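Since the structure of chain A is provided, determine the placement of chain B on it from the hints.
There are 2 protein chains.
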Amino acid sequence: MVQDSIRFCLIRTTHPGNIGATARAMKTMGLRRLYLIEPARFPSDEVTSRAANAGDLLDNAVVAPHLSDALKGCELVLGTTARGRKIEWPTIDPESAGRLLVDEARLGRQAAVLFGTERNGLSNTDVEHCHQLIRIPTDESYASLNLAAAVQIIAYEIYKYAAVSSSVPGTRARPKADAKEMQRFYRHLREVLHDLDFVKIQHPPVVLMRKLVRLFNRARPNREELNILRGILTAIQENLKPSRHGRK
Amino acid sequence: MVQDSIRFCLIRTTHPGNIGATARAMKTMGLRRLYLIEPARFPSDEVTSRAANAGDLLDNAVVAPHLSDALKGCELVLGTTARGRKIEWPTIDPESAGRLLVDEARLGRQAAVLFGTERNGLSNTDVEHCHQLIRIPTDESYASLNLAAAVQIIAYEIYKYAAVSSSVPGTRARPKADAKEMQRFYRHLREVLHDLDFVKIQHPPVVLMRKLVRLFNRARPNREELNILRGILTAIQENLKPSRHGRK
Numbered sequence: 210m211v212q213d214s215i216r217f218c219l220i221r222t223t224h225p226g227n228i229g230a231t232a233r234a235m236k237t238m239g240l241r242r243l244y245l246i247e248p249a250r251f252p253s254d255e256v257t258s259r260a261a262n263a264g265d266l267l268d269n270a271v272v273a274p275h276l277s278d279a280l281k282g283c284e285l286v287l288g289t290t291a292r293g294r295k296i297e298w299p300t301i302d303p304e305s306a307g308r309l310l311v312d313e314a315r316l317g318r319q320a321a322v323l324f325g326t327e328r329n330g331l332s333n334t335d336v337e338h339c340h341q342l343i344r345i346p347t348d349e350s351y352a353s354l355n356l357a358a359a360v361q362i363i364a365y366e367i368y369k370y371a372a373v374s375s376s377v378p379g380t381r382a383r384p385k386a387d388a389k390e391m392q393r394f395y396r397h398l399r400e401v402l403h404d405l406d407f408v409k410i411q412h413p414p415v416v417l418m419r420k421l422v423r424l425f426n427r428a429r430p431n432r433e434e435l436n437i438l439r440g441i442l443t444a445i446q447e448n449l450k451p452s453r454h455g456r457k
Numbered sequence: 210m211v212q213d214s215i216r217f218c219l220i221r222t223t224h225p226g227n228i229g230a231t232a233r234a235m236k237t238m239g240l241r242r243l244y245l246i247e248p249a250r251f252p253s254d255e256v257t258s259r260a261a262n263a264g265d266l267l268d269n270a271v272v273a274p275h276l277s278d279a280l281k282g283c284e285l286v287l288g289t290t291a292r293g294r295k296i297e298w299p300t301i302d303p304e305s306a307g308r309l310l311v312d313e314a315r316l317g318r319q320a321a322v323l324f325g326t327e328r329n330g331l332s333n334t335d336v337e338h339c340h341q342l343i344r345i346p347t348d349e350s351y352a353s354l355n356l357a358a359a360v361q362i363i364a365y366e367i368y369k370y371a372a373v374s375s376s377v378p379g380t381r382a383r384p385k386a387d388a389k390e391m392q393r394f395y396r397h398l399r400e401v402l403h404d405l406d407f408v409k410i411q412h413p414p415v416v417l418m419r420k421l422v423r424l425f426n427r428a429r430p431n432r433e434e435l436n437i438l439r440g441i442l443t444a445i446q447e448n449l450k451p452s453r454h455g456r457k
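Those protein sequences? They're chains A and B, same order as listed.
Under the working numbering, think of the first position of the first sequence as 210, with each following residue one higher.
Under the working numbering, think of the first position of the second sequence as 210, with each following residue one higher.
For the record, the hints were derived by calculation from the structure and aren't laboratory data.
Among the hints, erroneous ones may be present.
[Claimed, not checked] Partner residues aside, some chain B positions facing chain A, computed with beta carbon under 7 Å:
no., residue
1, A261
2, D348
3, I362
4, L449
[As the list claims (entries may be wrong)] Below, computed lysine to any residue pairings styled on SDA-like, alpha-carbon distance capped at 25 Å:
no., chain 1, residue 1, chain 2, residue 2
5, B, K420, A, V422
6, A, K420, B, F394
7, B, K420, A, R439
8, B, K420, B, F251
9, B, K281, B, F251
10, A, K450, B, T443
11, B, K450, A, V401
12, A, K281, A, A261
13, A, K420, B, L442
14, B, K281, B, R221
15, B, K420, A, R419
16, A, K420, B, L435
17, A, K389, B, P299
18, A, K385, B, L421
19, B, K420, A, Q319
20, A, K385, B, Q446
21, A, K420, B, F251
22, A, K420, B, H275
23, A, K420, B, R399
24, A, K450, B, Q446
25, B, K281, B, R383
26, B, K420, A, M418
27, B, K420, A, R429
28, A, K281, A, D254
29, B, K389, B, T334
30, B, K389, A, N426
31, A, K420, B, G282
32, A, K385, B, L424
33, A, K450, B, H397
34, B, K389, A, E434
35, B, K450, A, L398
36, A, K450, A, N426
[Unchecked claim] Computed footprint of chain B on chain A; a stretch qualifies when at least three of its residues, placed anywhere within it, have a C-beta under 8 Å from a C-beta of chain B:
no., region
37, 227 to 238
38, 253 to 267
39, 277 to 283
40, 329 to 339
Treat the numbers as computed from the prediction; the structure is a model and nothing was measured.
Ideal placement from N, C-alpha and C gives every residue a C-beta, glycine not left out.
Same shape as in the complex, but just chain A (with noise of 0.2 Å):
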């Protein structure tokens, strides 16, 4: 899996819940390897109830003394930062990170993901590291994105550029009405619309056709939901009164 080629760094994080829920994040986008450099506390209870079932991600993590030895065999780096930086550096959106990522993983190097600490967010001495930043689009007034889902965003656009290409199996979809069987039903409605005498001043039939015509051609119905139109159809003809005009 191309995933496996990319690794998810957290640097000295201060709260064991967020390690946890990194876990969980980054496995429901496939990612599997988690280094921790200077965790504050790991591991802990918190750390593993909130990984949820994430928990084999946290049992093979791996904790590094220094950011240089959990970077060690990788082509690309990349920061994350939520706000703009005093230090100018070349930043790139998370969906172009995606597929940065992805697109180095294919080529079989491996790859990191830089976040840095809840409050003061990625050092000076740790973004030297990066080729790149990912910064984050928050609000202006409130960039106060939590660390977890910072990594839940990073992840979901690996995963959507990853998941492209290796073919999504989407729902089997039930085949639509084709164009005659449209008209069939439509022939069928102005019918009983007649029979009801369903022809008012502010709907001319012309119009009045035309407009339920738009309706339901914009619901694109299944063969099924157009049987059940048609049925629904029937049974009102076999209802009415036989006082009603214009019926055989």
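Quick look at chain B alone, frame taken from chain A:
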């Protein structure tokens, strides 16, 4: 701000921490309107602490006894799901949902996104309020997305698209029927089908209605179209044989 026309509705949320984390996730993406339907515990200290500095969203959150109260005035309702569902429902990805929601908001319409319980997601009854479902892509072997993480992804896709261009698209569309009007129409339709004795072995009443709801939700009738449909239903009732039971 366009985000002010989009509300997020958390339904029967069990863990207070998820409500706080949701408020924070929303606020980072400029969303402010939080609705809580039957929350297990709210307000609570855990909610507040996980919200970080997004307490204003909690102060202004609307606690509603029923989902239909929370959807008052909404012309577009989207539900979220991380797995395939037994009942088929039109499904889009988070990116398309972001576009759809922002486009609706720019036309001056109110829209809602529904998030179900931590354990089971949205119930079938919840889904019947939805025009479409948003399927958040996840790894096949582990779809256990945290509730606030799902909120973060959808909020992020909304913000991404809202930030791109703040220009208004052209067509001033007719107002769509809102959730309440749709419910009234479905009640009327159910009544007519009952009058017609339109219940067959192939179509148990609940399944039949669900299929019709799905069809008409997909079409998203505007108010005029809904009036035409309601007019047809009334005309049917007025013209049924007097022998039909169950009629006033």
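Tested hints:
no.: 1; hint: A261; verdict: 6 Å, holds
no.: 2; hint: D348; verdict: 4 Å, holds
no.: 3; hint: I362; verdict: 5 Å, holds
no.: 4; hint: L449; verdict: 5 Å, holds
no.: 5; hint: B:K420 x A:V422; verdict: 19 Å, holds
no.: 6; hint: A:K420 x B:F394; verdict: 17 Å, holds
no.: 7; hint: B:K420 x A:R439; verdict: 14 Å, holds
no.: 8; hint: B:K420 x B:F251; verdict: 35 Å, violated
no.: 9; hint: B:K281 x B:F251; verdict: 22 Å, holds
no.: 10; hint: A:K450 x B:T443; verdict: 14 Å, holds
no.: 11; hint: B:K450 x A:V401; verdict: 15 Å, holds
no.: 12; hint: A:K281 x A:A261; verdict: 29 Å, violated
no.: 13; hint: A:K420 x B:L442; verdict: 16 Å, holds
no.: 14; hint: B:K281 x B:R221; verdict: 18 Å, holds
no.: 15; hint: B:K420 x A:R419; verdict: 24 Å, holds
no.: 16; hint: A:K420 x B:L435; verdict: 11 Å, holds
no.: 17; hint: A:K389 x B:P299; verdict: 24 Å, holds
no.: 18; hint: A:K385 x B:L421; verdict: 15 Å, holds
no.: 19; hint: B:K420 x A:Q319; verdict: 49 Å, violated
no.: 20; hint: A:K385 x B:Q446; verdict: 30 Å, violated
no.: 21; hint: A:K420 x B:F251; verdict: 46 Å, violated
no.: 22; hint: A:K420 x B:H275; verdict: 34 Å, violated
no.: 23; hint: A:K420 x B:R399; verdict: 23 Å, holds
no.: 24; hint: A:K450 x B:Q446; verdict: 10 Å, holds
no.: 25; hint: B:K281 x B:R383; verdict: 18 Å, holds
no.: 26; hint: B:K420 x A:M418; verdict: 23 Å, holds
no.: 27; hint: B:K420 x A:R429; verdict: 13 Å, holds
no.: 28; hint: A:K281 x A:D254; verdict: 29 Å, violated
no.: 29; hint: B:K389 x B:T334; verdict: 15 Å, holds
no.: 30; hint: B:K389 x A:N426; verdict: 24 Å, holds
no.: 31; hint: A:K420 x B:G282; verdict: 24 Å, holds
no.: 32; hint: A:K385 x B:L424; verdict: 12 Å, holds
no.: 33; hint: A:K450 x B:H397; verdict: 20 Å, holds
no.: 34; hint: B:K389 x A:E434; verdict: 24 Å, holds
no.: 35; hint: B:K450 x A:L398; verdict: 19 Å, holds
no.: 36; hint: A:K450 x A:N426; verdict: 31 Å, violated
no.: 37; hint: 227 to 238; verdict: holds (count 6)
no.: 38; hint: 253 to 267; verdict: holds (count 3)
no.: 39; hint: 277 to 283; verdict: violated (count 0)
no.: 40; hint: 329 to 339; verdict: violated (count 0)
Figure legend: structure checked against the earlier numbered hints; hints not met, in rising order: 8, 12, 19, 20, 21, 22, 28, 36, 39 and 40.
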